[in-house]
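Engineer: Residue-level listing of the chains:
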Amino acid sequence: MNTRKAFTKTGMAAALLAALAPADAAEMLAPYGQLNTAASEASAGLGYADNDGRRFGQYNGISRDGFYGLLDFSLVKRDDETGTWLGGFGRNVGLYNRQLRFEHTRQGDWGYFVEYNRIPRLEPYSILTGVSGIGSNNLTMPAPPTSPPSADLKTVRDNIGLGFDKILFGNWDLQVRFRNEEKDGTRVFARGTTGAGPVGSFGQFEFTPEPINSTTRQLDVKINYTGTDLQLAGGYYGTMYNNQYNGLNIAGGLAGLSTFTPLALPPDNHSHQLYLSGSYGFTPTTRGNFKVAYAQAKQDDAFVTGVNVPLSPGIGNNLMGKVDTKLAQAGIVSTPIPKLTLSANLRYEDRDDKTPVLLYLTPALTTTDGANEPRSIRTTTAKAEASYALPQYFRLTGGVDYEEKKRNTSPVRIVSFRETTDETSYRVELRRMMSETLTGALSYVHSERGGSPWVLTTVTGGAVGSNLIAPIHLADRDRDKVRLSVNWTPVDPLTFGFYVDAARDDYSTRDGSTIGPMKGKYRNYSLDAAYSFTDQWQATAWYTWNETKADQTTCVGASSTGVCGVPTYSSTISNRSDSVGFGLRGKPSAALQLGADLSYTDIKDDYEQATLTGAAIDSVPAITTRLTRLNLFAKYALQKNSGIRLDYVFDRYSTNDWTWSTWVYADGSRLREDPNQKVNFFGVSYYYKWQ
Amino acid sequence: MNRHRTWGAPFLATACLWLAVWIYSASAFSQSADEIREGKVCANCHANALMVWTGKHGTKADARAPISVGCAMCHGDPAEHLKSPANAMPKRFSKMPSAEKNEVCSTCHQGRARIHWAGSTHERRDVACSSCHKVHVAHDPVRDKLTQSDVCFSCHKEQRVQINRPSRHPIREGLIACSDCHNPHGSVGPAMMVRDNVNDTCYTCHMEKRGPFVRTHQPVQENCALCHNPHGTTNPNLLRQRSPFLCQQCHEPTSHRGNIANLTGTSTSASTLARGCMNCHTQIHGTNNPSDISNERTFRR
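Line order of the protein sequences matches chains A and B.
For the record, in the first sequence the residue sitting at position 663 is 663 according to the working numbering, with numbers rising by one throughout.
Every number in the working numbering is 1000 more than the matching position in the second sequence, counting from 1.
Treat the hints loosely; a few may be bogus.
[Said to hold, decoys possible] Calculated cross-link-like contacts (lysine-lysine; reagent style BS3-like; alpha-carbon spacing at most 27 Å):
#1 B/K1091 with A/K154
#2 A/K166 with B/K1091
#3 B/K1209 with A/K298
[Claimed, not checked] Only some residues are given here: those of chain B computed to face chain A with a beta carbon under 10 Å:
#4 N1087
#5 M1089
#6 K1091
#7 S1255
#8 L1263
Because the hints were derived from the structure by calculation, they are not lab data.
Yeah, the Cβ is synthetic: ideal placement off N, Cα and C, and Gly gets one too.
Whenever a hint applies, use it, and build me the whole structure from the sequences.
Structural biologist: As structure tokens, then:
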């Protein structure tokens, strides 16, 4: 199955970069002696993009026309005497998203690795702005220029990973993983408030790119015990986030925004977790597992300071944020009789936000009491399932899932709240496996979510506010889900797969209210086919139709006590897509391999708005997005261990997205996107293999 | 004369076939124990299958490695199969129930990341190790970030189209793999998350969102997936819905919060265009600004 599925990769990078990845050594039938040794391979070449393509190059850096270096390698050497492996790996070394890895292992004894990965994200919008100081935490707003210069924004994650493994003694071993990630760059950010802006702008909104200069570290030290019946894993997992900047200072700009500096940036924080998990085979037919963990997260970074940051007395210079999380889980699976399998699982997680509650804001407003609002949540889930084998390789499974969430809230709030929600799901599935020609499964799940009485929105002083909406994650909800999967092989070289996923949500509104989330719908139909013409030629094809839809209602200008204004209106937001893909792999001769992948996606987002009471309103224009990708490659062996590879990638992105198309900031900045982006990329490389 | 020729050719061909089989069988049994163990005999018919030895399964110095036993370690004793290749089959994974296949692998591969395999969704839905892993190749696609997602998409069709949406993670480029967020061997987190819950999984890359902050946004602290679909969307920043529709699913329609989405260029269109509601409420994940300033609660500084 996977052999055929492996051809379904249709992404641009898959063809472009896999082209240069180590070749599958199984491509050629090698003599017995050569099969015992892993092969190394290196390739080098040149690529050329004929056009700028910000979407095409968003994560690979090929966003401008021009030449690019193509360099990949996979070096592997095994010393058969000692079982020692020496490995080196490089992918996209000549591109902006390069990956490198070195590893050294004595199999069954010890091993270590060092790796480096770069994950870039180039801003897909071209930016015209006169803001100065971009990239730093000191920005200066310009007087609105008529022709602002362009700026390219991007973020780059450079991460280094280290790993060490050592078998200690008996069945015990040590596993250490460490990752350090430096994230640098600038991302789209802004500040704004109500009120009119300069002529030509959309109001008092100013473009204030956020500087990114942070370090993330993770350390996982684990001791494992792996016995025949008992397995254990226990250790420490620590994380740390360090941000170079805790505030963004902005000089100049509109008078109405003059107090919006500094803007607070994400604070440093760190966490430490101790955990123990295990699995135990009570009998050959009964196995249980568990996990217990305790974590403490802290955020005690110094507050941002400045003339616009007046402090209430007694709050200190940092939040003293502290969150303790306790986790306990236990599960068991048993097959008491050969045809019957029973399983059960219980999980409890208590996230206790112990941050001190202090008065940060003089309670002059009606929508806050001025105190910070720690968020605690306690989640309990339970699952039980029974599965029975029927004749003809059928299996019938039924189960019940239960989830309860308990949350805290503050005395004053502007969103209705529920301290407890609980959801029970009933599911049944009929599955058929192990058939030569037809396998599949049909399942149905019905869920009902309810909860404790609503905690009303309350303003300072205790008066009840507007209580019209049941927030979507707290509302009573009935959900029905159906899933069908069928795999059919009518004749040996031909396989079909048919998959259906459908779900429907029905939300209840608050008592006495007619607005809020109403319904949700999801459907995904997919048809896959794979055909092997000969051992040398295979083809795949797939089609997927996908839809998500949400119906919700709200109203304009409700009173502070929750009397709807007019109009009351509904919004039906839907996303539909048609996607199709074709793949072809061929080997017309011993020296030549050919491949082609084509994918096309047509996505339409609709935003229909309709008046329920009051004057008619307009809908927002639909957005259509189309993506086309064609990848072709030819690989020709000049000699047994070397050859050339040619690649061609066509990538097209088109959209009528209006998100930024007319928007102008008060400082004159604007973000724009080429609505039709088309890139042809050509690559030629030489590869060499050795053992 | 013709009748003799008609019967003679098949007879001769059959005799040659039997002779060939006899010679082949004889030669098979003439192999040394090492050659049989390492599959040289098997390679006569299953040449590519021996690619298994190019990987860790084939490291002779590791006494745990299958090569110490040979093909028989996973496929059973080949003796009968060698005598009668067409009639006596060793263990054929393609014909075995998932549980039996997994039992073979779990003889060695237990514990560590697989501690929660029993009872996991994949285990309960008959997913076999060989459904995802290829053993008889030098390079297992599911263990390569670039090709892993294709393996997952053989079942997860919805995600196959979502990762191609304009707002997405760099899965196509092989910079992020499904296994960066999910442990397909089972975990205690929902949807087999690699960490214990959704948020802790997201924090492995987006730790700046963890806080806690002076001003916290309740759904942010509860579950990132309430607002974001990490597999890809057409909305900015992987949002499940576009502003203001997303915000209106929770917020009361008082003040400006019930504004009708529009592109008119008036002040009300600011909740629809550009960053939408986040044009003003810029610190939507929470802010650590302690200012004693009016309206500071609303994530604007």
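Engineer: Should the hint that B/S1255 touches chain A count as held when the rule is a Cβ pair under 10 Å?
Structural biologist: holds (8 Å)
Engineer: Does the nearest C-beta of chain A fall within a distance shorter than 10 Å of the C-beta of B/N1087?
Structural biologist: violated (18 Å)
Engineer: For a C-alpha distance cap of 27 Å, please report whether B/K1209 and A/K298 respect it.
Structural biologist: holds (13 Å)
Engineer: Would the hint on B/L1263 stand, with a C-beta cut-off of 10 Å toward chain A?
Structural biologist: Cβ of B/L1263 sits 6 Å from chain A, so the hint holds.
Engineer: Given the proposed pairing of A/K166 with B/K1091, does the C-alpha separation stay at or below 27 Å?
Structural biologist: violated (33 Å)
Engineer: With 10 Å as the cut and Cβ atoms as the points, is B/M1089 at the interface with chain A?
Structural biologist: For B/M1089, the interface hint is violated, since the closest Cβ of chain A sits about 14 Å away, which is over 10 Å.
Engineer: So, B/K1091 near chain A? Judge it on the closest CB pair being under 10 Å.
Structural biologist: Hint violated; B/K1091 Cβ to chain A Cβ min 14 Å, cut 10 Å.
Engineer: Tell me if the straight-line CA distance from B/K1091 to A/K154 falls inside 27 Å.
Structural biologist: violated (54 Å)
Hint compliance for this structure: hints 1, 2, 4, 5 and 6 are not met, and every other hint is.
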